[in-house]
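Residue strings, one per chain:
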Amino acid sequence: MAGTSIMETLFQRDLDDLIKGIRQQQIKESLFISKAIEEIRREIKSTDLPTKSAALRKLSYLSSLHGADMSFAAFHAVEVMSSPQFFYKKIGYHAVTQSFNDDTPVILLITNQLRKDLNSSNQFEVSLALECLSRIGNVDLARDLTPEVFTLLSSSKVFIKKKAIAVVLRVFEKYPDAVRVCFKRLVENLESSEPVILSAVVGVFCELCLKDPRSYLPLAPEFYKILVDSKNNWLLIKVLKIFAKLATLEPRLAKRVVEPICEFMRRTEAKSLLFECIRTVLSSLSEYESAVKLAVVKVREFLVDDDPNLKYLGLQALSIIAPKHLWAVLENKDFVIKSLSDGDYNIKLESLRLLMSMVSESNVAEISRVLINYALKSDPEFCNQILGSILSTCCRNLYEVIVDFDWYASLLGEMVRIPHCQKGEEIEHQIIDIAMRVKDVRPALVHVCRNLLIDPALLGNPFLHRILSAAAWVSGEYVEFSRNPFELMEALLQPRTNLLLPSIRAVYVQSVFKVLIFCVHSYLLHKENISSVNTDNLASEVPESVFARMSCENSDLATSEAPASSEQHDSFNPRNINQSFGDLSIENGGDATVSNSQASTSASLGRNSFTQESIVNLFNIVELALGPLSRSHDVEIQERARNVLGFTDLIKQEILNPVVQGEENLARAETEASRVVKLMCDAFSEELGPVSTSAQDRVPVPDGLLLKENLADLETICGDIQLPLSSSFSLSSTPLGEAVDISRTNLQSKDETEPSHESTSLLAEHRKRHGLYYLASEKSEVASNDYPPANDPMSQDKLNDDAEDLLKLTEQSLAPKKKPNQAKPRPVVLKLDGDEISVAAKKPELKDDLLSGVVQDVLLGNDGVPSSSRSNRSENLSGKSKGKEKLNTDLSLETKENVPGEKMPDHVNTSSRRSKHRSHGKERRQKGQGKDGEEKEDNGQKKKRKSNHHRGKHKAHQRADEPSNVVAQTPVIPDFLL
Amino acid sequence: MIHFVLLISRQGKVRLTKWYSPYTQKERSKVIRELSGVILTRGPKLCNFVEWRGYKVVYKRYASLYFCMCVDQEDNELEILEIIHHYVEILDRYFGSVCELDLIFNFHKAYYILDEILIAGELQESSKKTVARLIAAQDSLVETAKEQASSISNIIAQATK
Numbered sequence: 001m002a003g004t005s006i007m008e009t010l011f012q013r014d015l016d017d018l019i020k021g022i023r024q025q026q027i028k029e030s031l032f033i034s035k036a037i038e039e040i041r042r043e044i045k046s047t048d049l050p051t052k053s054a055a056l057r058k059l060s061y062l063s064s065l066h067g068a069d070m071s072f073a074a075f076h077a078v079e080v081m082s083s084p085q086f087f088y089k090k091i092g093y094h095a096v097t098q099s100f101n102d103d104t105p106v107i108l109l110i111t112n113q114l115r116k117d118l119n120s121s122n123q124f125e126v127s128l129a130l131e132c133l134s135r136i137g138n139v140d141l142a143r144d145l146t147p148e149v150f151t152l153l154s155s156s157k158v159f160i161k162k163k164a165i166a167v168v169l170r171v172f173e174k175y176p177d178a179v180r181v182c183f184k185r186l187v188e189n190l191e192s193s194e195p196v197i198l199s200a201v202v203g204v205f206c207e208l209c210l211k212d213p214r215s216y217l218p219l220a221p222e223f224y225k226i227l228v229d230s231k232n233n234w235l236l237i238k239v240l241k242i243f244a245k246l247a248t249l250e251p252r253l254a255k256r257v258v259e260p261i262c263e264f265m266r267r268t269e270a271k272s273l274l275f276e277c278i279r280t281v282l283s284s285l286s287e288y289e290s291a292v293k294l295a296v297v298k299v300r301e302f303l304v305d306d307d308p309n310l311k312y313l314g315l316q317a318l319s320i321i322a323p324k325h326l327w328a329v330l331e332n333k334d335f336v337i338k339s340l341s342d343g344d345y346n347i348k349l350e351s352l353r354l355l356m357s358m359v360s361e362s363n364v365a366e367i368s369r370v371l372i373n374y375a376l377k378s379d380p381e382f383c384n385q386i387l388g389s390i391l392s393t394c395c396r397n398l399y400e401v402i403v404d405f406d407w408y409a410s411l412l413g414e415m416v417r418i419p420h421c422q423k424g425e426e427i428e429h430q431i432i433d434i435a436m437r438v439k440d441v442r443p444a445l446v447h448v449c450r451n452l453l454i455d456p457a458l459l460g461n462p463f464l465h466r467i468l469s470a471a472a473w474v475s476g477e478y479v480e481f482s483r484n485p486f487e488l489m490e491a492l493l494q495p496r497t498n499l500l501l502p503s504i505r506a507v508y509v510q511s512v513f514k515v516l517i518f519c520v521h522s523y524l525l526h527k528e529n530i531s532s533v534n535t536d537n538l539a540s541e542v543p544e545s546v547f548a549r550m551s552c553e554n555s556d557l558a559t560s561e562a563p564a565s566s567e568q569h570d571s572f573n574p575r576n577i578n579q580s581f582g583d584l585s586i587e588n589g590g591d592a593t594v595s596n597s598q599a600s601t602s603a604s605l606g607r608n609s610f611t612q613e614s615i616v617n618l619f620n621i622v623e624l625a626l627g628p629l630s631r632s633h634d635v636e637i638q639e640r641a642r643n644v645l646g647f648t649d650l651i652k653q654e655i656l657n658p659v660v661q662g663e664e665n666l667a668r669a670e671t672e673a674s675r676v677v678k679l680m681c682d683a684f685s686e687e688l689g690p691v692s693t694s695a696q697d698r699v700p701v702p703d704g705l706l707l708k709e710n711l712a713d714l715e716t717i718c719g720d721i722q723l724p725l726s727s728s729f730s731l732s733s734t735p736l737g738e739a740v741d742i743s744r745t746n747l748q749s750k751d752e753t754e755p756s757h758e759s760t761s762l763l764a765e766h767r768k769r770h771g772l773y774y775l776a777s778e779k780s781e782v783a784s785n786d787y788p789p790a791n792d793p794m795s796q797d798k799l800n801d802d803a804e805d806l807l808k809l810t811e812q813s814l815a816p817k818k819k820p821n822q823a824k825p826r827p828v829v830l831k832l833d834g835d836e837i838s839v840a841a842k843k844p845e846l847k848d849d850l851l852s853g854v855v856q857d858v859l860l861g862n863d864g865v866p867s868s869s870r871s872n873r874s875e876n877l878s879g880k881s882k883g884k885e886k887l888n889t890d891l892s893l894e895t896k897e898n899v900p901g902e903k904m905p906d907h908v909n910t911s912s913r914r915s916k917h918r919s920h921g922k923e924r925r926q927k928g929q930g931k932d933g934e935e936k937e938d939n940g941q942k943k944k945r946k947s948n949h950h951r952g953k954h955k956a957h958q959r960a961d962e963p964s965n966v967v968a969q970t971p972v973i974p975d976f977l978l
Numbered sequence: 001m002i003h004f005v006l007l008i009s010r011q012g013k014v015r016l017t018k019w020y021s022p023y024t025q026k027e028r029s030k031v032i033r034e035l036s037g038v039i040l041t042r043g044p045k046l047c048n049f050v051e052w053r054g055y056k057v058v059y060k061r062y063a064s065l066y067f068c069m070c071v072d073q074e075d076n077e078l079e080i081l082e083i084i085h086h087y088v089e090i091l092d093r094y095f096g097s098v099c100e101l102d103l104i105f106n107f108h109k110a111y112y113i114l115d116e117i118l119i120a121g122e123l124q125e126s127s128k129k130t131v132a133r134l135i136a137a138q139d140s141l142v143e144t145a146k147e148q149a150s151s152i153s154n155i156i157a158q159a160t161k
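Just so you know, the sequences run in chain order A and B. Okay, so the first sequence: first residue is 1 according to the working numbering, each after it adds one. Okay, so the second sequence: first residue is 1 according to the working numbering, each after it adds one.
Hints in this document: simulated from the structure, not taken from any laboratory. One should not assume that every hint holds.
[Claimed, not checked] In silico lysine-lysine, DSS-like type, Cα no more than 25 Å apart, as pairs:
id: 1; chain 1: A; residue 1: Lys20; chain 2: B; residue 2: Lys146
id: 2; chain 1: B; residue 1: Lys60; chain 2: B; residue 2: Lys13
id: 3; chain 1: B; residue 1: Lys56; chain 2: A; residue 2: Lys211
[Unchecked claim] Some residues of chain B that are not near chain A, with every Cβ distance over 10 Å (derived):
id: 4; residue: Trp19
id: 5; residue: Val98
id: 6; residue: Lys128
Even glycine gets a Cβ: it sits at the ideal position worked out from N, Cα and C.
With the hints as extra help, turn the sequences into a complete structure.
Following this line, the structure appears as structure tokens:
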């Protein structure tokens, strides 16, 4: 045994050898490392401490730099750590600190070792233990070692004390009850004369304040003193951070600190301190005009600086202030816009954010236009960043900045055509969203979608497939707005659609079905109408009239669409009422829909060329394209394709035959077909609305439906579902339809629907008169061809022009906002209950609650009954610290008294809510926070008595100490809250 | 607070890692991969801050080494740059114009120095002199222990145990 040990010691590779070895290995580093680890595994089991520790050292090197797993050595690390020799101890501690986490089982073994080292007389051993605790401390360690840390807090060695203070943060976090023990000593250190100690304490409070500032409000006087007295920039930055949090809670505190902070801003040389001052003013003291102005001046200095760091931070500071003082951003807008073409991606990003904060109703269109031009020229990543921020800004609060949705639809279409566009998901979502929410945009949107679908090039870009899916859906769902359904059909069935994913292809097939139904239905109606007017002239007249109408189709489009949509609107109210009254007489509802849609389609129908040939042609295309799909491996596609083919089979016969049979049979034969078509058409014209997330809850449970019953007769229900659609049930009788309708009736109150009528007709008017100014489809297509390729050096010249454009535009938002010309009112955007964006702040976590609860306890002087026996340590407090505690009590009372009455209930509520998490000291604290000053004093007395009682034997001592301390210390505390 | 400190060479080799927040070994490797990808590709004369997963990474290049520290959103970037500089200055003073090789072969020393500058993710000592003094004291402590351990008599004692 001894022999092998010597051999190992002599021939073991030490860390230097290992490092050299790794460096010499030109290839297969991983192989070398795994071999080394094998070696280490063997060596680390050695009983010889030097061998073991050398192995451990190598392992921690490999773990730290090469990601090797060292969990197997946990126990060995503990062994090395417990060596009495500092050299080995250090290696052991290093390994433990680096590799242990809460799940390491042997962590249980180190409690005693840590305790021993914390009590060591060698300050470096104490330091090792503290360092270790600060890193791996878990609940158990924190609880068990609290007494030791408490002792070290009053160590005479600065070296130890500062580390102990830093460790307290970790201990508090893991074991909130430690606050009862350690907090007073921690607070005492706020008056330390040693800058290192002060720095450590303030660091701890800074972290604590970030989590729950309110609890530390009573300590404001101490912090203020540091703010005024200290010359140390490290310290001042931390104190400023604390005040940034506290000032938002207590307005008078803000008033008090604003002057010193401005003073720092004026005279400091250190940029870090200056920036912290700026940030504090902009984030927390934004009501103080002069301070903000000064800060903005300093921000400007940052912006014009050559240092990219300062530029970046300047932009960041502007984005802090943007929501409250937009003028600050506008004042510096030239820099913001210039930064958009900066070489640094981070700076570009920041300036993009700022630019988006300037967007308003009046300039959204122009800013978007310029940004899209920027996007075309930038690299893919920034391009998508731009698109993303345009999309998210525009859809904010249900498209609040968008007035002209037709424009927005065309903008979406344009985004798709940007070569780098990868925002498929967002655009898909928005296309569907606005189609459902905004009735008036549908014609324009259908047109945009048609342009997307018709372009075979787009099918080649997988990022755009989801958008195409949305486009296909919109085109199918709102096919009645399509100018040329035949063209649409061809687009949907073009050969390149085989590049699409099956799921998207399925959407295409379904849209084909919808378009087909629409065409056939229109054709039949058309025929009926004409035959009822003049049966004899039918054959000769149709082609002529169609030809004539085709030519004027475009110009008349607006008129044809508007009535259609308004009539649809009519149809949807009575139906809703029927539904909401629970009147299930579907006959009526169905009839109403049929007649209405009849009217609406016939209005637009006249302009479309639904001739016999075209319909036959349509059937042929569909059969040709979908035929192969009926054998698709994807069930969704297969099923849908078969549905369509089944339908064509059914209808085609009846539509084609009459030609052969002659006109006599025509009417009779077609009734069958038209009945089927009508029903299908009804099914599809049932409008899908956006569904609120809570819609399901609002569906009343029908009588006789027992939801809790077991599902034995599921069989029969399933049978019902499989009923063919040709039964006279309209879709609205399904639960989903009902839910949608109900939510719609709830939301669209009568007064809301009235203006929407107006708006549709106004829109129609406007389109008619200014059709020229609407973004035409061809334009965007042409433009896309003109786009210069991304990163074209030529386009750099244009960048400057764009920057100027932007400058001009953003100026507009400076000018007092005029009501935009209400030639076209903003269309109704359907809102749902579920849409309310919940921005309610997340409640602090339980742990923080616990911590702040305890902190408040201690700070407010409540001598809560300690929850664990360890808190008895507080009895060991020296007389001095007790006097201090009293002081705190008084101080906090004073602070409380000055808090305005309105604020108090809030405070009490929060603390009482917190107290629910705790099982102790509850009532007493609530009492202690009473509003009334008198009551408080009374309470204070009581507390004193209580604490005296509690501490029994220290009574006399404390009494003697108390008055002198209070008297002596009170003047020191600046009474600035008064 | 500082969540972790990374030293990465220009070639992407890791020279030092120190974690003040809990990360598993897997997460650590991922973080290093991600960040070295982001930071090493950034050109000179760009700003020294990178936004990353809701945190901010402040980095600075000294010769062939990138010093990176990950901090919270609220932290002061310029202050962190100063801390990095502080650390570099102390290393420089300790090794006498420090170079990458010093850190490679005195891996543990770099750690011990860092441990005297930062604790629990906070700056603990802003005086270079104090840190130098503390490190020297510990070094001598280690040396005596080492001498004892490697003395001939000790080896003989072990062997004949």
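Comparing the hints with the structure gives:
no., hint, result
1, A:Lys20 with B:Lys146, "holds (22 Å)"
2, B:Lys60 with B:Lys13, "holds (16 Å)"
3, B:Lys56 with A:Lys211, "holds (18 Å)"
4, Trp19, "violated (8 Å)"
5, Val98, "holds (17 Å)"
6, Lys128, "holds (13 Å)"
Consistency with the previously given hints fails for number 4 only.
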